[in-house]
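Peer 1: Taken in sequence, the protein lines are chains A and B. Position 118, counted from 1, in the first sequence is what the UniProt record's numbering calls 118; the numbers after and before it change by one each time, with no gaps. Position 53, counted from 1, in the second sequence is what the UniProt record's numbering calls 53; the numbers after and before it change by one each time, with no gaps.
No lab work stands behind these hints: they were computed from the structure. Every residue, glycine too, gets a C-beta built ideally from N, C-alpha and C. It cannot be assumed that every hint is accurate.
[To be verified] Here are the computed lysine-lysine pairs in the DSSO-like style, where the Cα-Cα straight-line distance is at most 30 Å:
#, chain 1, residue 1, chain 2, residue 2
1, B, Lys-98, A, Lys-110
2, B, Lys-100, A, Lys-98
3, B, Lys-98, A, Lys-98
4, B, Lys-195, A, Lys-154
5, A, Lys-100, B, Lys-110
6, B, Lys-227, B, Lys-195
7, A, Lys-98, A, Lys-110
8, A, Lys-110, B, Lys-154
9, B, Lys-195, A, Lys-92
10, B, Lys-255, A, Lys-245
11, B, Lys-195, A, Lys-110
12, A, Lys-92, B, Lys-98
13, B, Lys-100, A, Lys-100
14, A, Lys-195, B, Lys-245
15, A, Lys-245, A, Lys-189
16, A, Lys-189, A, Lys-92
17, A, Lys-147, B, Lys-154
18, B, Lys-195, A, Lys-245
19, A, Lys-245, B, Lys-227
[Unchecked claim] The calculated label-pair distances, taken between Cβ atoms and stated as ranges, are:
#, chain 1, residue 1, chain 2, residue 2, range
20, A, Asp-173, B, Ala-232, 36 to 42 Å
21, B, Asp-244, A, Gln-118, 17 to 23 Å
22, A, Ala-232, B, Gln-250, 24 to 30 Å
23, B, Gln-62, A, Pro-192, 42 to 48 Å
24, A, Pro-63, B, Gly-230, 28 to 34 Å
25, B, Gly-230, A, Asp-173, 42 to 48 Å
26, B, Gly-138, A, Ala-232, 49 to 55 Å
27, B, Phe-94, A, Gly-206, 29 to 35 Å
2 protein chains.
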Amino acid sequence: MRYLLILLLCMPLLGMAQQKGPGYVCPPCGQCDTIVYHQPGICPHCGMTLVLRDTASVPQQQPYSICFYLYNGTEVLDFAGPLEVFSYAGFKIFTVGKTKTPVTVQGILKVNPDYSIQDAPAADIFAIFGGDDDVAAGDPEVISWIKSRDATTKGYFSVCTGAFVLGRAGLLDSLTVTTFHNSIKSLQKAVPSAKVLSNVRYVDNGRIITTAGISAGIDGALHLVAKLRGEAEAMRIARHMEYDKYVPGQGLVVKQ
Amino acid sequence: MRYLLILLLCMPLLGMAQQKGPGYVCPPCGQCDTIVYHQPGICPHCGMTLVLRDTASVPQQQPYSICFYLYNGTEVLDFAGPLEVFSYAGFKIFTVGKTKTPVTVQGILKVNPDYSIQDAPAADIFAIFGGDDDVAAGDPEVISWIKSRDATTKGYFSVCTGAFVLGRAGLLDSLTVTTFHNSIKSLQKAVPSAKVLSNVRYVDNGRIITTAGISAGIDGALHLVAKLRGEAEAMRIARHMEYDKYVPGQGLVVKQ
């Protein structure tokens, strides 16, 4: 209601801006990027610095789409951290379950997936998370579905033991990767041709990013935003989230 | 399935332990605390060090119950970080919405609340989170419901602008508190008798803990676990979550 009030108060301003253009816009934060202001300043909704609508930077702001695959037993922070980061980067996020039946994450939270594997649209990035990962990694239908999307998937992002799912889909062969600290040896056994690292927040192989356990997904997501939108954007999001302990570059970027 | 296999392999061992007792148990992590082993070691499920079932520490492990109130527009990391922490501390967490209609958090994730305000059971701790907080703070029915539970609520925990909800319920009067960095002034205006601090991860007033924005909820939750279960337990959870940047004591504990 507070934001609604601010928006109502700003309506005349918006009307002027829309008539006179080009105006100033809030960089996409997933909530207020459709509003146009007639002068520079700060977005009253999220505190971001407004940018010129028609600057050269605008083409960079095309939203990436990202599919969050959720299964019963998904670790809640594994996906919630990246969801927070990617939503402020303006990514178009949707959730997919094997079916549309509610998924219970962390044994507690009941989530209704947006899509099932029968009707999920393509996405630029496929994201998979840890927890009871064998629910997904051990399900031939799910693995087959992930493989079937490979031609249209530009990138993969795994958090924690979500790496086992990518491994089962054959996506980690011969790559340098990481996973949850208690699962380093078992991932190495599951994907013998991979080099599985410990003590690294994430490993970026270009098309495939794997992160360490649970909270490391936040760092991996910020790294992906930095890669796609620039380090300043990642730092802005980290500050907004008060993730002030974020240190850029705490992962490994494998030279292609 | 991997864990199921481990459990099946351990079944004879468990049987022996249950006959001979007292045995060793995994400290509660919300997933594996019902298993009894006949010798010390490491929990094969979560990697925790097993403890004697009948040691003096066991009475400390009685679960706290915690009510997570969710509304449309709740910030996802605000509640997911604490949910992760509290679940590994063995707290009994349930979610409540105004009704049982699915709640959309972060504009993306559709969550089915366990209870509505009509049928939610009492809880030791009431937790409230930021986002479009006026959806809850501006709803007299919700505020009235929170007030009606006060006699049975031992503690309150707010993250980010969730503090506005506690403020509207009259719970922050004359306290030292904190909130999201962009909302310090507006919370001060909303609760003139409170002292609203910036640049602190959390403020603990004894019965009421308020945290700074979004990711600071993780630190506040770890602080609450440290308070109720000891710093070693909070550190164990932080390590498990690979939240290795956790620094105990980055909040303010107000002397009572």
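Peer 1: Keeping to a limit of 30 Å between CA atoms, is the pair of Lys-100(B) and Lys-98(A) held or broken?
Peer 2: 24 Å, holds
Peer 1: Is it true that the CA of Lys-92(A) sits at most 30 Å from the CA of Lys-98(B)?
Peer 2: 27 Å, holds
Peer 1: Hint check: Lys-227(B) vs Lys-195(B), CA-CA at most 30 Å. Holds or violated?
Peer 2: 23 Å, holds
Peer 1: Does Lys-110(A) sit within 30 Å of Lys-98(B), going by the straight-line distance between their CA atoms?
Peer 2: 16 Å, holds
Peer 1: Is it true that the CA of Lys-98(A) sits at most 30 Å from the CA of Lys-110(A)?
Peer 2: 15 Å, holds
Peer 1: For Asp-244(B) and Gln-118(A), compare the CB-CB distance with the range 17 to 23 Å and indicate the outcome.
Peer 2: With a Cβ separation near 40 Å, Asp-244(B) and Gln-118(A) fall outside 17 to 23 Å, so the hint is violated.
Peer 1: For the pair supplied as a hint, Lys-110(A) and Lys-154(B), confirm whether the alpha-carbon distance does not exceed 30 Å.
Peer 2: Measuring from Cα to Cα gives roughly 26 Å; hence the hint holds.
Peer 1: At the C-beta level, are Pro-63(A) and Gly-230(B) separated by a distance inside 28 to 34 Å?
Peer 2: 45 Å, violated
Peer 1: Hey, Lys-245(A) versus Lys-227(B), does the alpha-carbon distance stay inside 30 Å?
Peer 2: 23 Å, holds
Peer 1: Does Lys-245(A) lie within 30 Å of Lys-195(B) when you go C-alpha to C-alpha?
Peer 2: At roughly 26 Å apart (the allowed maximum being 30 Å), Lys-245(A) and Lys-195(B) satisfy the hint.
Peer 1: Looking only at beta-carbon atoms, does the pair Phe-94(B), Gly-206(A) fall within the given range of 29 to 35 Å?
Peer 2: 43 Å, violated
Peer 1: Given the proposed pairing of Lys-195(A) with Lys-245(B), does the C-alpha separation stay at or below 30 Å?
Peer 2: This hinted pair holds, its Cα atoms lying about 26 Å apart.
Hint compliance for this structure: hints 4, 9, 11, 15, 16, 17, 21, 24, 26 and 27 are broken, all remaining hints hold.
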